[in-house]
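Heads up: the protein sequence lines correspond to chains A and B, in order. Residue 15 in our numbering sits at position 15 of the first sequence, with consecutive numbering throughout. Residue 39 in our numbering sits at position 39 of the second sequence, with consecutive numbering throughout.
Incorrect hints may appear among the rest.
If you want the footprint, here are the derived chain A segments under chain B, 3+ residues with CB under 8 Å [what the hints assert, rightly or not]:
no.: 1; stretch: 1 to 9
no.: 2; stretch: 80 to 89
Which residues of chain A face chain B? A few of them, derived with a C-beta cut under 8 Å, are [to be verified]:
no.: 3; residue: Y18
no.: 4; residue: S22
no.: 5; residue: S27
no.: 6; residue: V28
no.: 7; residue: E34
Because the hints were derived from the structure by calculation, they are not lab data. Please read all numbers here as calculations on a predicted model, not as lab measurements. Virtual Cβ for every residue (Gly too), placed ideally from N, Cα, C.
The lines below spell out each chain.
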Amino acid sequence: MTFVRLVVFGFIALSVIYLSISVYSRSVRKEWLENEFDENPPEGADDAMRDDYIAKGMTEYNNSIRPKLIGLVYVVPIVVMSIIIFVINTN
Amino acid sequence: MRKIKITLRVLALLIVGTVLHYALPQHDIVRVVNTYQERQDLNDWTSIFWARPDDQSATLINRDVQFIQTVKKKTMLLGFIPRDTTEVMVYRNEDTGWSWPFYFKFDTANLQTEADDLVSTSEAPKWAVMTHYGWRNEYISAFPNAIAIRPVDGPNVTIIPWFNIVFFIGLAALLLFIRAMWRQFRQRSVDPLLDAAGDQLDEVQAGVAERKGRFSRWLGTWRKKDNSRLPPE
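Start from the sequences, fold in the hints, and give me the full structure.
Now the structure itself:
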């Protein structure tokens, strides 16, 4: 029963962390794209072109491996837990 | 206001420090004297200093607990400075299972056997390093929980707390990451909102001012003409 409790609450906590890191990572990427566009705007740049550039950059980001790496949030604690269990319970 | 802020911060730091001091592993250099098992009544608040029983015994208010009696080298400053004197220390030996604090210890019986194997006299001492967490308090019968024991050559070994080093580096990294996340969130989400709200407030205030201006002008038409405001003739 305590195991079930640990799994349930651990999953909730890790999901909160996962979501916050996803939002943070997207936000940083978007800011980076905005700055890149503003630093070197092409000839006759307007808001529509800027939005287009950012949208394209975000699609690229979504298709890259980076957002998938955030899934490690679920993997690392399980690995650490397994290591602790192994180290503590072997003599 | 500043004083309240400082007080709250110190209080928060104290609470976190206390919890960490209770839950993080510490190492003692000990000589095992004896081990025993004793029935414990665990029906009042001091049960927070004992492991939570598993489901089978969750309804019991007392149960058998294993103990390890030792003579321990005294230390100063959280164990960083060794001293020559010794004191007695009794550890409880309980499974933590899947609950807090997360040691995932299930090998209580094995540990008890290892401790039994290391029993020695003061004439022919066998020294060992005892890893444990928790506090010893005689008045409320609290005992630190033994996690692991390993024999060492003599009482003057240097122990490097690797886990705690990694833990505190990780904690610092985590805090810096949360700070960066918070700053990004504020810069990108909260500040624009506040700006927009500020603009709206300005507009509302301007509207109110204008309406008030119209109203007071209309009121003014009913007032008796104040001659003193007119330029002198």
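Here's how the hints hold up against the structure:
1. 1 to 9: Three-residue rule met by the stretch 1 to 9 of chain A, so holds; n is 5.
2. 80 to 89: holds (count 5)
3. Y18: 13 Å, violated
4. S22: 11 Å, violated
5. S27: 5 Å, holds
6. V28: Constraint on A/V28 satisfied, holds at 6 Å.
7. E34: 10 Å, violated
Going down the numbered hints, you'll see the structure goes against 3, 4, 7, while the others check out.
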